[in-house]
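**Q** For reference, the chains in residue letters:
Protein chains: 2
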Amino acid sequence: MSAGCVIGVDLGGTKLLAGVVDADLNVHHRVFRHAREGRSGDELLDVIVAAVDEAREAAGGEVRAVGLGVPSLVDPATGVANTTVHLPLRDVPLRDVMAERLGLPVAVDNDANAAMVAELRAGAARGASCAALLTLGTGIGGGMVVDGAVVRGAHGGAGEWGHMVIAADGPLCTCGNRGCLEMLVSGSALGRAAAEAAASLPDSGFGRALEAGTAITGMLVTELAHDGDPVARDVVARMGHYLGVGIANVVNILNPSVVVVGGGVIAAGEMLLAPARRVVAERALAPSRDQVEIRATRFGDASGMIGAAILAQDLAASR
Amino acid sequence: MSAGCVIGVDLGGTKLLAGVVDADLNVHHRVFRHAREGRSGDELLDVIVAAVDEAREAAGGEVRAVGLGVPSLVDPATGVANTTVHLPLRDVPLRDVMAERLGLPVAVDNDANAAMVAELRAGAARGASCAALLTLGTGIGGGMVVDGAVVRGAHGGAGEWGHMVIAADGPLCTCGNRGCLEMLVSGSALGRAAAEAAASLPDSGFGRALEAGTAITGMLVTELAHDGDPVARDVVARMGHYLGVGIANVVNILNPSVVVVGGGVIAAGEMLLAPARRVVAERALAPSRDQVEIRATRFGDASGMIGAAILAQDLAASR
Chain S
1 MSAGCVIGVD
11 LGGTKLLAGV
21 VDADLNVHHR
31 VFRHAREGRS
41 GDELLDVIVA
51 AVDEAREAAG
61 GEVRAVGLGV
71 PSLVDPATGV
81 ANTTVHLPLR
91 DVPLRDVMAE
101 RLGLPVAVDN
111 DANAAMVAEL
121 RAGAARGASC
131 AALLTLGTGI
141 GGGMVVDGAV
151 VRGAHGGAGE
161 WGHMVIAADG
171 PLCTCGNRGC
181 LEMLVSGSAL
191 GRAAAEAAAS
201 LPDSGFGRAL
211 EAGTAITGML
221 VTELAHDGDP
231 VARDVVARMG
241 HYLGVGIANV
251 VNILNPSVVV
261 VGGGVIAAGE
271 MLLAPARRVV
281 AERALAPSRD
291 QVEIRATRFG
301 DASGMIGAAI
311 LAQDLAASR
Chain G
1 MSAGCVIGVD
11 LGGTKLLAGV
21 VDADLNVHHR
31 VFRHAREGRS
41 GDELLDVIVA
51 AVDEAREAAG
61 GEVRAVGLGV
71 PSLVDPATGV
81 ANTTVHLPLR
91 DVPLRDVMAE
101 RLGLPVAVDN
111 DANAAMVAEL
121 RAGAARGASC
131 AALLTLGTGI
141 GGGMVVDGAV
151 VRGAHGGAGE
161 WGHMVIAADG
171 PLCTCGNRGC
181 LEMLVSGSAL
191 GRAAAEAAAS
201 LPDSGFGRAL
211 EAGTAITGML
221 VTELAHDGDP
231 VARDVVARMG
241 HYLGVGIANV
251 VNILNPSVVV
261 VGGGVIAAGE
271 MLLAPARRVV
281 AERALAPSRD
291 QVEIRATRFG
301 DASGMIGAAI
311 LAQDLAASR
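First to last, the protein sequences are chains S and G.
Sequential numbering of the first sequence, starting at 1, is according to my numbering.
Sequential numbering of the second sequence, starting at 1, is according to my numbering.
Calculated directly from the structure, the hints in this document are not laboratory data.
Glycine is no exception: its CB is placed at the ideal position from the N, C-alpha and C atoms.
Heads up, a few of these hints could be off.
[Claimed, not checked] Covered stretches of chain G (in silico footprint by chain S; criterion: 3 or more residues with CB under 8 Å from a CB of chain S, positions within the stretch not fixed):
no.	stretch
1	70-83
2	118-125
3	161-173
4	255-263
5	275-289
[Claimed, not checked] Not the full set, but computed from the structure, chain S residues with beta-carbon under 8 Å of chain G:
no.	residue
6	Leu73
7	Ala77
8	Asn82
9	Ser129
10	His163
11	Ser288
Same shape as in the complex, but just chain S:
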């Protein structure tokens, strides 16, 4: 293995992915962990340290630095995770704590900003001057690129497309707002919409799944939709519609040349993206709507991990 490896870690709302990544962005070893809701902040830090230790052992040679993407607003100046909607991390000085525990240089960023970095440097948004990213998982992570650089905002809080309200009097979001995009478009939203369909249509694929005691998750919906289940397809298409409303907003706000869609829900592929593209073509302002491409992530679920590794490489190169 090359001597220039780093470890990238993507801490999602429900799971963790770590990887040993070389200078060419090849991934040599992957580590998965569950990051269940309800865990304490200290336990979460233990999970991260254990995953990095496993990756480090697998790496064999020297590891130059660790990059960590977390589903939090992260202040880039201090590496403090300020606010985390889906995990018990609040005002945690993650960069300094992890650097001390690991004995390695640590870069910390918002998980979706990390994914945006990966897609911008080497993925679906490569070479774009102006771009956006939405990762559809437990919630929605968001990233934004202006003049070829990821936008952090005044204190690292920029790019939260998931907490853009598209239904002002809509359902209460976990963040305290109402009608946020992620209440209508995310893995959790997919599961909720399907559970509602299951309750009202006991003879549907969902109804049978519910009766058999199977949890109705976003992943199950996507599987059933791929199998041709009409109710599942309807649920995914409806989510694609609202994704389109959200992306039309992104287009009107940013006029990007590319919008990258990732996260677990992108497993639905064109069943999700085709209706979203239709809504953008109908609703966003011309000519911006004709100047944008809507693409799936190149790195799939690994965008955040690979982006975190790139941040670690940048950090190691700067020292």
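Once you have looked at the hints, place chain G on chain S.
**A** Relative to chain S, chain G alone:
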């Protein structure tokens, strides 16, 4: 008068303001014109030329350049006004046409981008690295600043906060989308909301105005609200609420240090801004919501004209 004057022109949805502006941003002469809906594109160009000619004559000395802000998506590379929601300008090569007719260098930009430039260089957002602006007039104009520069997007279409949907299944907007912020928050929206109130409350200030044949405009609502009319105050406060929903989105998307609110509707002042600030404090993500100041424009209705003059100064300095 100093020799270094330029002319700034702000073409709004219903009116035009031109001014002779010196290097210290002092305005030496102002020209007003109506730009009524329904006029043809050619007639609009005549109105602009006549206004500039009047300003030029008043300037006495040499005019170095003309800056023109228009309520359109403008491609900064070509100076073409691509799409205009409230005026008959579409795919007009404004920069070249006006330069030829005036015999002067001409800079063209979106009117709200021009206002953003004025507030950033010398106004309410002075010195901000990351900021946004919403001008509430016939519609909503929007501007966005990242790393101290106005964001144009891939082709000049960025910053259209007014066409950010906040009510996905809401009323049809003039742009073809549904539930855009400007359908709920603008001078037109204020007039519409008050006309509804007038119809249902004939004994209110509006009801009496309606009976007397007075047109219920945003300006009348603001005047009645300043006079203490409870229905007018309710209408303004409700608009302030939705303005807050929109600004909370801006805060979550951009994490700006300042959001500047301008346009005719800002005449309502704190009656509009106080409820907006409350919604942002309740609904936007922490800590971004605590890091943002929501301020009225420094230059009031003249932000766009002064910003256009600054663009003209920049153009003259670059030649």
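**Q** Take the hints in turn and mark each one as holding or not.
**A** Now the hints, each set against the structure:
Coverage of the stretch 70-83 of chain G by chain S holds in this model, with 3 residues showing a Cβ closer than 8 Å to a Cβ of that chain against a need of three. For the stretch 118-125 of chain G, the assignment as covered by chain S is violated, since 0 residues bring a beta-carbon within under 8 Å of that chain's beta-carbons and 3 are needed. With a threshold of 8 Å between beta carbons, the proposed coverage of the stretch 161-173 of chain G by chain S holds, since 8 of its residues qualify and at least three are required. Counting residues of the stretch 255-263 of chain G whose CB lies closer than 8 Å to any CB of chain S gives 3, so the stated coverage by that chain holds, three being the minimum.
With 7 residues having a beta carbon nearer than 8 Å to a beta carbon of chain S, the stretch 275-289 of chain G meets the requirement of three or more and the stated coverage holds. With its C-beta approaching chain G no nearer than about 6 Å, Leu73(S) sits inside the 8 Å limit, and its interface hint holds. With its C-beta approaching chain G no nearer than about 12 Å, Ala77(S) sits outside the 8 Å limit, and its interface hint is violated. Because the closest C-beta pair between Asn82(S) and chain G is about 5 Å apart, less than 8 Å, the hint holds.
For Ser129(S), the shortest C-beta to C-beta distance to chain G is roughly 7 Å, which falls under 8 Å, so the interface hint holds. Hint on His163(S) holds. Least Cβ distance to chain G is approximately 4 Å, under the 8 Å limit. Look at Ser288(S): its Cβ gets to within about 4 Å of chain G, closer than 8 Å, so that hint holds up.
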